[in-house]
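Enquirer: Spelled out from the first residue to the last, the chains are:
Protein chains: 2
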Amino acid sequence: MYLGKVYVSYKPSVFDPQGDVIKTSLHQLNFQGVESVTQGKYFEIKLVATNLTEATANLVKMAEELLINPNTETYQYAIDEIEVL
Amino acid sequence: MYLGKVYVSYKPSVFDPQGDVIKTSLHQLNFQGVESVTQGKYFEIKLVATNLTEATANLVKMAEELLINPNTETYQYAIDEIEVL
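Sequence order for the protein chains is U and X. Residue numbers for the first sequence follow full-length UniProt numbering, beginning at 1 and rising by one. Residue numbers for the second sequence follow full-length UniProt numbering, beginning at 1 and rising by one.
Keep in mind the hints are simulated off the structure, nothing from the lab. You can take every hint at face value.
It does not matter which identical chain is used: a pair holds within one copy or between any two.
Subject to a maximum C-alpha distance of 16 Å in a straight line, what follows is the list of computed EDC-like cross-link-like pairs (lysine to aspartate or glutamate):
(1) Lys41 to Glu73
(2) Lys41 to Asp16
(3) Lys46 to Glu35
(4) Lys5 to Glu81
With the rest of the complex left out, here is chain U (with noise of 0.2 Å):
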């Protein structure tokens, strides 16, 4: 069994609305420290493969058909074998 892990966020050159809203409701909680945030999706994924190669191939392909919008979004991915308890 596999874990996969990906994380979503929009292209640099696509404004992120709601990461603006978020900053602006830090700076009023008082965290001045923050010069920029992004909110994206994140998705843990377990699944079953034959090996790591054919486990990563398919989350690739998962993210790619359906988790992600390619026209505006970009993804990053971790994946290990987990144990079946």
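Given the structure of chain U, go ahead and fit chain X onto it with the hints provided.
Expert: Coordinates of chain X only, in the frame set by chain U:
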């Protein structure tokens, strides 16, 4: 300058309808090996602080005072010093 990353997800006891919908969609796209999917929020926060300890303390406070709903969500974080270009 520091870059804090906050990963917010539902507590295990909380039903995640969005994650369930995504799992169904992945099965329909023929990703049969998918066992479970959870969707959460992912924040990247750039902040100024005098040292890593202060930056970390501020990031934790931000997460707990604004970014998460402590009743239903839990979070992990990572923080690193970054160069200002």
